[in-house]
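> In case you want the letters, here they are:
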Amino acid sequence: MSERSGDAEALGGGRSPGPVLAVEGLTMHYSTRAGVVRAVDGVSFSVGKGQALGLVGESGCGKSSLALTLLKLLPENAQILSGRILLDGMDIVPLPEERMREYRWSRIAMVFQAAMNSLNPVYRVGEQIIEALEVHVESAREESLRRVRELYDLVNLDPSLIMRYPHEYSGGMKQRAVIAMALACEPDVVIADEPTTALDVIVQDHILREMKNVRAELGMSMIYVSHDMAVIAEVSDMVGVMYAGRLVELGSTVDVFRDPIHPYTRALTSAFPSVTGEKHELTVLPGEPPNMIDPPSGCRFHPRCPYATDPCRSETPPIVRRGGHWAACWNPTGEGA
Amino acid sequence: MVGYLLNRTFQILLTLFVFMSIVFFIVNAQPGDVSNVYALNPDLPPETRERLRDLFGVNEPLWKQYLVHVRNTLTGNFGVSFSNYPRSVADIVMERLPRTLALFMTATVLSFYLGFALGKIIAWRRGGWTEYTSTIGGVTLYTVFTPWFGLMMIWLLGFKAGWLPIGKFLDPELWRDAPTDANAVFGMMIATAVAASVIVFAVFALTKKRRGSGAALIRIGSLAGSLLVAVGIWLVAGTGYLAWDIIRHMVLPVVTLTLISFAGTMLLTRSSMLETMREDYVVAARAKGLPEKDVRDRHVARNALLPVVTSFMFSLAFAVDGGVIIESIFSWPGMGQTLVSAAVAEDLPLAVGAFVFVGSFILLAHLAADVLYVYLDPRIRY
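Line by line, the protein sequences give chains X and B.
Counted from 1, the first sequence has number 213 at position 214 by numbering that gives the first Met the number 0; the numbering is strictly sequential.
Counted from 1, the second sequence has number 115 at position 116 by numbering that gives the first Met the number 0; the numbering is strictly sequential.
By construction, these hints were calculated from the structure, which means they are not laboratory data.
There's no promise every hint is true.
[As the list claims (entries may be wrong)] Rough simulated footprint, nothing fancy, chain X against chain B, three-plus residues with beta-carbon under 8 Å:
{"#": "1", "stretch": "104-112"}
{"#": "2", "stretch": "271-283"}
{"#": "3", "stretch": "298-308"}
Don't be surprised by glycine CBs; every beta carbon is placed ideally from N, CA and C.
Using the sequences and the hints, build the whole thing.
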């Protein structure tokens, strides 16, 4: 598909059969004046080629921090304490900034939260896409322009918009342009952080469907980050549920939604209405996500958990496996409980 | 855009007219009148005095004088200077205005360039040695008592070290046998500078889309090339030594002005940069894998530039009245000195004329600022 992957095949004998992206025991802390914020704590997951992983959780549970950590785009006060981020089997955590630059966008690209603001207001949108192309792909300007036209076609944007400024775009158009920009260098993984949160439901639906099609067409892997269970359910093959910096449940979307193990997952799924399923009383989870400077001991969810028992308060919960998914819980809920 | 410009031009003309009227009435509100300088001469017999007052038109009612004043101004007749008799006001202003503009525009451009470059760096690498030095040094110079600092510069560089002339526009001894006069040479210098800037700007604009070392080379080449050509032309013309004399006289006031004012721009740039650095498109630029320098210059500094340009245009506008203090300290024969001496000598036509020119220039600078914004910020459309 691209010259790059061709080169890689010639050099390294093809893509490794393992996952495109694997994260192992990733821990990232922010040091603030108030104390150390444990934003990402021992997170592990992997994404296969062409797969889509959804990360859900309430605001402030570390989803966006995790997304930024994967690109090592962290502010100065943040530190990756341990863990590995394996891109095609290669750990990018120890890479110096100069090397890391080559990986950004060409291997892992990102559709930012509030895509509206991730376009620089003083440059034409097309130029901002060409800029990304110029850094990673050596090509003439005409070549880059042709590529931008292709990308616009892919995300259903009128090519006449290429040389327009961001303020001349509508919200949905900007979102599409930002997606086109993420696809520019044919990355292996695209991270979409709340890709449709600011849009109305109709535009949201269109864009999600298009992203799904584009993924199928280009065979890239995706990580969706959202607080919106409905969005995640629609677009991902796998779901990871995050709570207070930890991954508490991970598995195939169907399994996780049909038969949640962790009480937090259960609470999240029952807080959303189902159009086609049975009617049920929407339950609202009481309380707020914990303070990440001083998180609760044991299972971090225990202060809000209706099933909490003594071990939950003091000891790290064990991994419970069931079907195609697992959860970290002392008192698993659902069928097997 | 055209409609907006027409509208703004109309507003400017209206403002200028109001300004001109206010200047006229304020001048007439003071005791005595324009004829005082001549008519109060005790050697004059009363009839002559009355005759003089009639000739000056001051015996007419004020509104009639005002109408005459308006008519004269509109036809470009600013009258004759009393203190430089028989030179016309327009002639004097045309001689002094370029001198002030050359001095203050050079200093303003330098001080903004320096301030912007430093502000950019200290915002990007916070808490470093550079930040402390430039902030403490810059703010000290910014707040220092200007006349004292000017005198210290003259004492140090002009008197003690003897590197630079201690004041004035030129060295009269050098010019005694000169083949041409100072105004002609200075006019040619300004023409050269304008031509060179136009060429350099054009090259920069043409290579805007191109990046990499090739484009940088072309830009630096155009800068060096036009400089060389300019110097060459002056050497061939044989008046180069005269131009050099004027430049030598400019150095001290320009350096002083730059030093006392760059910190304002530096701090403004710094805070504007810090604000812009928080924007999402900056994280996005970094995520795209752009080199740090591109993120800083193309994404952060380019957007942080907007408030700095506003401040620059206003500084430029006020460059025209020439810091009275700086011009007096360095005996620079520009608009500031002209205004002061006209006021002291009760040379009312010259004072009024100088005011009108200063006002027009400030209004023109505002118009230029409006046009520049459209170019710098695509969100602005009139």
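> So, for every hint listed, does it hold in this structure?
Hint by hint, here is what the structure shows:
For the stretch 104-112 of chain B, the stated coverage by chain X is not satisfied: 0 residues place a CB nearer than 8 Å to a CB of that chain, which falls below the threshold of 3. Note: the stretch 271-283 of chain B has 5 residues with beta-carbon separation from chain X under 8 Å; the three-residue rule is met and the coverage holds. Under the rule that three or more residues need a Cβ within less than 8 Å of chain X, the assignment of the stretch 298-308 of chain B holds, with 3 such residues.
In summary, the structure is inconsistent with hint 1 from the numbered list given earlier, while agreeing with all the others.
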